[in-house]
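Novice: In case you want the letters, here they are:
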Amino acid sequence: MSLTKDVLEKHLKDPAVFCCRRQKGLVISGADLEDPDLFEDMADAGLLALSKEGLTIEQVLGRKLETDTEALTPITAAMLDGINAESPEAKPESGSGTKSASGPEIKPEVKSGAAAGTGSGPASCRMIHVAIERLEGLKLDIPVGMETAIPQELTERTEKVLRTLKKKIFQVKDVIIADETSFQNGILKIDGKILKKAIKADPLVKDIKMDIIKPQQRHIYTDTIMDVCPIAAKAEGKLGEGVTNVLEGAVFMLTGVDEDGTQIHEFGSSEGFLDEKMFFGHPGCADPDDIIIRVETVIQSKTGMERRGPFAAHKCEDAVIQAVRDVLKKTAEKPKREELCRDIRKYGRPRVVLVKEIMGQGAMHDNILCPAEPCGVPGGQKNVDLGNVPLMLSPNEVRDGGIHALTCIGPATKEMTRHYFREPLIEALAEDDELDLMGVIFIGSPQVNDEKSFVSERLGAWIEALDAEGAIVTTEGFGNNHIDFISHIGQIGSRGIPVVGVSFCAYQGQLVVGNEYADAMIETNKDINGFENEVAGCSEICPNDAARAVQMLKNKMMGVEIKPAARKWSQSIIDRNNEILGLPREKIMDRI
Amino acid sequence: MKIELKPILTRGKIVQVNDTAVKVDIQGRLGVVTVPRRWVFTDVFLEQGQKVEFYFSYLQVLPEGRQNPVHKAGA
Chain A
139 MSLTKDVLEK
149 HLKDPAVFCC
159 RRQKGLVISG
169 ADLEDPDLFE
179 DMADAGLLAL
189 SKEGLTIEQV
199 LGRKLETDTE
209 ALTPITAAML
219 DGINAESPEA
229 KPESGSGTKS
239 ASGPEIKPEV
249 KSGAAAGTGS
259 GPASCRMIHV
269 AIERLEGLKL
279 DIPVGMETAI
289 PQELTERTEK
299 VLRTLKKKIF
309 QVKDVIIADE
319 TSFQNGILKI
329 DGKILKKAIK
339 ADPLVKDIKM
349 DIIKPQQRHI
359 YTDTIMDVCP
369 IAAKAEGKLG
379 EGVTNVLEGA
389 VFMLTGVDED
399 GTQIHEFGSS
409 EGFLDEKMFF
419 GHPGCADPDD
429 IIIRVETVIQ
439 SKTGMERRGP
449 FAAHKCEDAV
459 IQAVRDVLKK
469 TAEKPKREEL
479 CRDIRKYGRP
489 RVVLVKEIMG
499 QGAMHDNILC
509 PAEPCGVPGG
519 QKNVDLGNVP
529 LMLSPNEVRD
539 GGIHALTCIG
549 PATKEMTRHY
559 FREPLIEALA
569 EDDELDLMGV
579 IFIGSPQVND
589 EKSFVSERLG
599 AWIEALDAEG
609 AIVTTEGFGN
619 NHIDFISHIG
629 QIGSRGIPVV
639 GVSFCAYQGQ
649 LVVGNEYADA
659 MIETNKDING
669 FENEVAGCSE
679 ICPNDAARAV
689 QMLKNKMMGV
699 EIKPAARKWS
709 QSIIDRNNEI
719 LGLPREKIMD
729 RI
Chain B
1191 MKIELKPILT
1201 RGKIVQVNDT
1211 AVKVDIQGRL
1221 GVVTVPRRWV
1231 FTDVFLEQGQ
1241 KVEFYFSYLQ
1251 VLPEGRQNPV
1261 HKAGA
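Sequence order for the protein chains is A and B. Under my numbering, read the first sequence as residues 139 to 730, first letter to last. Under my numbering, read the second sequence as residues 1191 to 1265, first letter to last.
No lab work stands behind these hints, which were simulated from the structure alone. From a predicted model like this one, the values you see are computed outputs, not experimental measurements. The C-beta atom is built at its ideal place from N, Cα and C for all residues, glycine as well. Check before you lean on any hint, since a few could be wrong.
Residues from chain B shown here face chain A by an in silico Cβ test under 7 Å; the list is partial [said to hold, decoys possible]:
id	residue
1	K1203
2	D1209
3	A1211
4	R1227
5	D1233
6	Y1248
Given the sequences, and given the hints that come with them, work out the whole structure.
Specialist: Laid out in structure tokens, this is it:
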């Protein structure tokens, strides 16, 4: 592959290697040289060995070749009639390199499947960059009133509160299975008889059990962890506004097998000892001190791989949770604290959108949107049934349990119901005073490529209609959903809107496609070897990932140069980015 | 002895499709592999009888020290 002029200019300091066999007498041009971006791949494949005596591209351009030379051979002085002088190293534009005045430079952590270009901010970012290398005797005459050229409503930082949600947090001290359901003095009692009623929620569920797992009792066998669900109930108003009562210190965990003993989440299932199979403290998981209320379901034989089977398990678990919600709604207990969540239009700041790609290929690759109760099942719609088309939720609707995850198959990378209840990216974007988070778009990932294109193009139309000025796109899991994930980034980027991608890729989930807009990516892996490690919630989006994604989006919107990602996943880049932002070092799942 | 595993492009036939997975007979009667639907790239709806291709290699048993890893969250 020969070099184009643009590529050539980027690589003047890189090694010069002939792309094809060349004969004596040739005057070397870019057309004769191999693309340095491919050197690592070629070296890995044993096709190329770079030489210490090798010259750089700028040293050989225009020089005459004195001997016939084979393809993929580094060019040395002995082959040429002479060597060009090296130009001095390019100086950074300022003392801080490519850092912007507003934020630190962080490096992309995932390389997309196609060559990524360098990003630049769109005109809509209302930012003028001036770089002056030398300046002498400058005089400027600026007309009075020029500052009014920008409409005041666009520059004035005003706010409009659209809706407010109050979360009343109640601490749970203990959970007991008893003869009645109640919540008093921090003790949650759940009527054991509720199971008889809950099992009637769906005839596919043949057996249901419940037990309480205290934090110190977690070395206990569990069937595959289908979901972790917070306990929250609407006390006033509807989803996203009013008052929601939330229990802290206890969560529900759903597990399931079929009548033959086959794990419901057969692929990458997480059955085993609970203390080894969940990343406690991650957003979608139980916290280290949480009491876990485990609901174990047995569903009809051979329905574990059909949509109706796992869904039945979720329905029955929700019937149990609803009994607790009914008590929680009316509790006279004093809340431990209150949290205010507000949907705010922040005028005068860039309008951004969070796009969450959720699975939509079938059983378990499905979610329930906008249920009647926080994180509930009844009243909601499944994204598969809706054709996986993009749906807009307000940040508050999501934070109020607007998603009940039927959870995809990869334990480490799936986003469980509790994840959405405290999604770090929504928290980071909604609370960021420099950004106006317009909403959260949920878009399903269908099976067939044409359907992927269809929903992705609808997303592009949405983003365009919203006149968004920035977007973050996330996906859970890996596989063919990366096709639409990259397509979404393309739909947004091709409209001149800065976009950042967030995904597990690492080693096992490397991107299979790419485009020129996928140049700013955040890696969520937390496994030392970069694998789906079957530990529930291990590599989901965590607060550090969210902070890096928001900073990268701001950098891109500001026009800070996005350097190309490393060719291979490297935890050291992520660690360095965390360090630059002053974030705690990420805990990585090790193996002993 | 450690042998380098080299995946080769292999073919197979879909023998079962459900809401979660596809089951594929590996060409040459070399076994059966079942993968999640998310692992299948396709321009058409998945159906029994469709031919697929994928990279596949011989298998090597891991040494004893790597047989039973225990996970822990480390710094």
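Novice: Taking the hints in turn, state whether each one holds.
Specialist: Going through the hints against the structure:
| no. | hint | in the structure |
| --- | --- | --- |
| 1 | K1203 | violated, 18 Å |
| 2 | D1209 | holds, 4 Å |
| 3 | A1211 | holds, 6 Å |
| 4 | R1227 | holds, 4 Å |
| 5 | D1233 | holds, 5 Å |
| 6 | Y1248 | violated, 19 Å |
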